[in-house]
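> Read off the chains here:
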Amino acid sequence: MERDQSRSDVASAARLILARHGGPAIVSDRRRFAALLADHAPLARREIRVLGEALAIGAFANLVAAPRDQLSFEQARLTSRLETDLGLQRELAAWAIELIAELATGIVTATAPPLAAAVIKKSEVQPPPPSSTASAAAAPIVAQWVQTPVTAPAAKSPPVAWLVCVLVGSIISSVNTLSWFSVFAWRAASDDALIIGHATVGVTVLVPLIVGLALRSPIAALVISLLSGGIELVLSGELAALYLRLGSGSALALSLLLLRRLDRGPLLAMVASCAAITGDFLVVWLVLDVFYYSNVMGGELALVFALRVGSALACGALLAAPGASLLRRLVTPAERTSAASPDSRPPSTQPR
Amino acid sequence: MTTNDLNGLSALGIARRQLHFILIADCSGSMSGDKIASLNHAMAAALPAMREAAADNAETQVMVRVLRFGDGADWHIGTPVPVDALQWSDLTAGGETHLGTALLLAASVLNPENMPGRQLPPVIVLVSDGQPTDDFAGGLAALLASPYGKKSVRIAVAIGSDADLDVLDAFIAHPEFKVLQAHNAQELTNRIRWATTAPVKTVSSPLTIEGGAVAELAREAVSQADATGELVW
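Protein sequences, first through last, are from chains A and B. Quick note on this note's numbering: the first sequence kicks off at -10 and runs consecutively. Quick note on this note's numbering: the second sequence kicks off at 2 and runs consecutively.
Where hints are given, some of them may not hold.
[Said to hold, decoys possible] Coverage of chain B stretches by chain A, computed from C-beta distances (three or more under 8 Å per stretch; other residues unrestricted):
no., region
1, 30 to 39
2, 96 to 109
[Said to hold, decoys possible] With the Cβ distance kept under 7 Å, some of the chain A side facing chain B (calculated, not the full set):
no., residue
3, Arg20
4, Ala24
5, Asp28
6, His29
7, Pro31
[Claimed, not checked] Take a look, some chain B residues computed to stay more than 10 Å from chain A by CB distance:
no., residue
8, Arg17
9, Pro117
10, Thr134
11, Leu145
These are calculated hints, taken from the structure and not from any lab test. Beta carbons: idealized from backbone N, C-alpha and C, even for Gly.
Here chain B stands alone, though its shape is the one from the complex (with noise of 0.2 Å):
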C-alpha cells in the first residue's frame, strides 16, 4: 500500500496511530562551543534515518516536538510536526540548567488533551551534559504522574563526563536501561541515530507488546552503551 491508500484509510475512519516524539535538549552554558555545534549535526544527520524509519512503520505516524531547557524551558518545535516534513534549525547555549522546568513542561502535554486519538506510548530523549540546577525532583515527579508519561519511553544521552548519570537515571527509571554516554562528536551522532530510530521501529512494531518495548530496546541499548572512541568532553 502507498501513503495515499493508507490517507485514504485514515478517511474511512481508520487513524494511524501516532508516536509522539519528544527531544529534550540541554542548552546550558555549559554546552557552549563544540557540543551545541555536536548536537544540532547530530540531529540534522538523524533525520534521515529517523524519517526512513518512520516509513517502515507506515501504519503510525511519526510526529516529533523539541523542547530546550537553559534559564528556564520553552520549545524550540512546539507544535507537533510529523517527521517526514521536520527541518532542523540549530539551537544555541547558555543559562543555566533548568532540567526541572523543562520536565514540568513536557509533562503538561503529555495528556489526551494535547494528544488526541490512538497513542503508541511517547518516546522522550533528553540529552544532558551536566547537572539540573533547580528542582528536577518536582520536574520529574510531574512527568512520570501524566497520563501518558509514566507510559512513555524514556532514553537519556549523557554528553561528556560532567553529567550527572544519577539524575538522568531517575529520569529514564528502568531498572534494565542504562544511560547512553557521548564523550566525543562521533559517539554523539552515533547516540542520537540510535536514539531517534530504534524505539521508532520497536514501539511502533506490532510484535511488540507494550511493556516489552521498553526492555527489547534495553537491550539493544547495551550494545550502544559503551564508549569507543576518544574521550573528548
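Extracted from the complex, chain A is given alone in its bound form (with noise of 0.2 Å):
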C-alpha cells in the first residue's frame, strides 16, 4: 500500500508539474524534472530515482520518437533495457516506462494501470485530485522481438486481416511455383504435379510468413523455413528445394527484423518481406547454376526473375490498398487510444 501511495504520489505530481512548467518538455530536462519531483513528493526517493534512471538512458526522447502504433514495442524494450541493465524489479520499471511514456504523449496505453483517478488528455491538463489512490503497478508486456529474454502474448488481430495475408501468400507461392516449374522444363507436368507444387510451395511460402508475423519473430520464421525445406527434400527428394527455404526464411526473417528496426511502418515492412521472399530466387540461381545444372538457359531465368519480382510489386500494390490497413493491424498490437484513426500522427511534444 506504501509503495502504491508513493507511485501515485509521484504520477500525481509528474502531471501538476507539467501543468505548471509549460508541459512535456520539462521532461527532458532530467536533473530539474527530478528536482521538482522531489518536491512535491519528498518521501517517494526511491520512486524518483528509477525515473531519474529512465531519463538518463534516454526513454523520454524515445518515447516521444516513436510512432504511436510502435509505443507499446518501445515501452516494452525501454523496461527490459533498465531491468536487464540495472538490474531493477520488472514491476518498478515497467510503472516507469509507463509513467513516463503517459507525460511524453498524453497517451494511457492499454498496458499501463490507472495510476489516478483523473488522465490527463492531449487537448488540456488538470491536476488530479489529491484523494486519487494508486492501483496495483505491474502489468502485462506487449510482446517483443526474440532479441529480448521476455516475451507475452501477442494481441489479437482481425479475422479479416488474416485473410488478407493468406491472399497475399497465395499470390507469392502460386508465382513461385510457376517459375519454378518454367526453370526447370516442366512444362509438361500433370495437372496433379501443379497442384501438388502449388500447395506445397504455399505452405513453404505462407506458414514461415504467418508465424513471423504472428509471434513477431524472426528466428520462427527461419526455423519453420527450414523444417519445411526439410520436408520437401523427404518427399522430392531434392537438396535444391532446402535451399530454396533457406533463401525465403532468411530473407523473411531479415524483413521481420527491418519491421522493427525501420520504423517506417509495416507497409513497407511488408513490401520488403515480398521482395526479400522472391530473393530466394537469386538463392536457387546461384546454387543450380554453380552446383547443378549447367544447361539453364539465360532467358528463362530472366523470365523467372522478371516474374517473381513483379509478385513482389503486385503484392506491394495489394497492400497499398485497402488491405494495407488490416495487416497494419495485424503487424503491430491492438491498442486501446483516444484516436480513433490509426493513421493520425503521434501526439505532438509542444509544451501544452
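Both chains are given apart, each in its own frame, so use the hints to dock them into the complex.
Quick look at the structure:
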C-alpha cells in the first residue's frame, strides 16, 4: 500500500509539474524534473530515483520519437533495458516507463494501470484530485522481438487481416511455383503435379510468413522455413528445395527484423517482405547454376526473375490498397487510445 | 569596557559597525522531514555560539535576518534583529525550490537605504539540498549587482548528495571558497555553527582587510569541507 501511495504521489506530482512548467518539455531536463519531483513528493525517493534512471537512458526522447503504433514496443524494450542493465525489478521499471510514456505522449497505454483517478488528455492539463488512489503497478507486457528474453501473448488481430495475409501469401507461392516449373522445363507436368507443387510451395512460403508475423519472431520464421525445406527434401528428394527454403526463410527473417528496426510502418516492411521472399530465387539460381545444372538458359532465368519481382510489386500494390490497414493491425498490437484513426500522427510534443 | 560604555560611545556619535547576517534557507518540499528538523535544531544550537562570537567583537553589532524559500520566497525574520535578542522559530518545508526569487529578495535589502550607517561586508549563508527550479541566474545576477551584495561574504551549505554544487559554487563566486557539505544531522549542525560564527569573527576583526576576510575564511572552510560522518542524506 505504501508503495502504491508513493507511485501515486509521484504520478500526481509529475502531472502537476507538467501543468506548471509548460508541458512535457520539462521532462527532458532530467535533473530539474527530478528536483521538482523531490519537492512535490519528498517521501517517494525510490520511485523518483528510478524515474531518473529511466530518463538517463533516454526513455523520454525515445518515447517521444516512437510512432504511435510502435509505442508499446518501445515501452517494452525500455522496460527490459532497465531491468537487465540496471537490475531493477520489472514491475518498478514498467511503472516508470509507462509514466514517462504518458508524460511524453499524453496517451495512457492499454497495458498501463490507472495511476490516478484523473487522466490527462492531450488538449488539456488538469492536476489530479488529492484523494486519488493507485492500483497495482504490474501490467502485462506486450509481445517483443526475439532479442529480448521476455515474451508475452501477442495481441489479437482482426480475422479479415489474416485472410488478406493468406491471399498475399498465395499469390507469392503461386508465382514461385510457376517460375520454378518453367525453369526446370516441367511445362509438360501433369495437372496433379502442378497442384501438388502449388500446395507445397504455398505451405512452405505461407506458414513461415504467418507464424513469423504472429509471433513477431524472425527466428521462428527461419526455423519453420528450414523445417518445411526439410520436408520438401524428404518428399521430393531435391536438395535444392532446402536451399530454396533457406533463402526465403532468411529473407523473411531479415524483413521481420526490418519491420522493427526501420520504424517506417508495417506497409513498407510488408513490401520489403514480399521482395525479400522472391530473393530466394537468387539463392536457387546461384546454387543450381554452379552446382546442379549447367544448361539453364539465361532467358528463362530472366523470365523467372522478372516473374518473382513482378509478384512482389503486385503484392505491394495490393497491400497499398484496402488491405494495408488490415495488415497494419496484424503486425502491431491493438491499442486502446484516444485517437480513433490508426493513421493519425503521434501527438505533438509542444508545451500544452 | 562594558556594553553600556559602548552604548555611551554611540550616544556621542561614534557608531558601532554593523554586520548583517542573512540566512537563506531552502524550505522546499524535498527538505521535509528530518532535513528541516535538523536545520531548525542546527540554528537553535548555533545561536549561543553566535552570540558569543558577537560578544567577542564589541565594536560590531551583529544583525540577523532569515529568508526562506520554497514556492516563492519571503522573510522568516524580515526586520534585522540583534543576535542577542534573536529567538529562533522553526521553519517548515513545502513547495518547489525558487532560489532565484530568494536571491532577488535578498538583493532588494543589500543597499544603503536598508542598511544605513557603517557597514561591514554582509555575510550571506545559503543552505540548500537541491536544484533551483526557477530563474537562478537572474536572481544571482541581481544579488551580485546590488551595492552590498557584490561585497558580501557568501557561504553555501549543501545538504545531502542531490544538491547542485555548481549552483552553490556560482553563488559563492570565489575560487578558493568551496561548498560545505552535510550528509547527516551532526554534520549540518557543525557546518551551521561554523558558518554563523567564523565569519562574525573574521569579518569584524580589525586585523583583517576586506578582501582578505574571504580568503581567510576559505582556508578555514577547507578543514570544515570534508564530510566525515555517516552518509544519511
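> Does each hint hold? Answer for all of them.
Going through the hints against the structure:
1. 30 to 39: holds (count 5)
2. 96 to 109: Contact hint for the region 96 to 109 of chain B vs chain A: holds, 3 residues under 8 Å.
3. Arg20: holds (6 Å)
4. Ala24: With a minimum Cβ separation of about 4 Å from chain B (threshold 7 Å), the hint on Ala24 of chain A holds.
5. Asp28: Result: holds, 4 Å to nearest chain B Cβ.
6. His29: holds (6 Å)
7. Pro31: Holds, because the Cβ-Cβ distance from Pro31 of chain A to chain B comes to roughly 4 Å (cut-off 7 Å).
8. Arg17: At roughly 41 Å from the nearest Cβ of chain A, Arg17 of chain B sits farther out than 10 Å, so the non-interface label holds.
9. Pro117: holds (37 Å)
10. Thr134: violated (5 Å)
11. Leu145: holds (23 Å)
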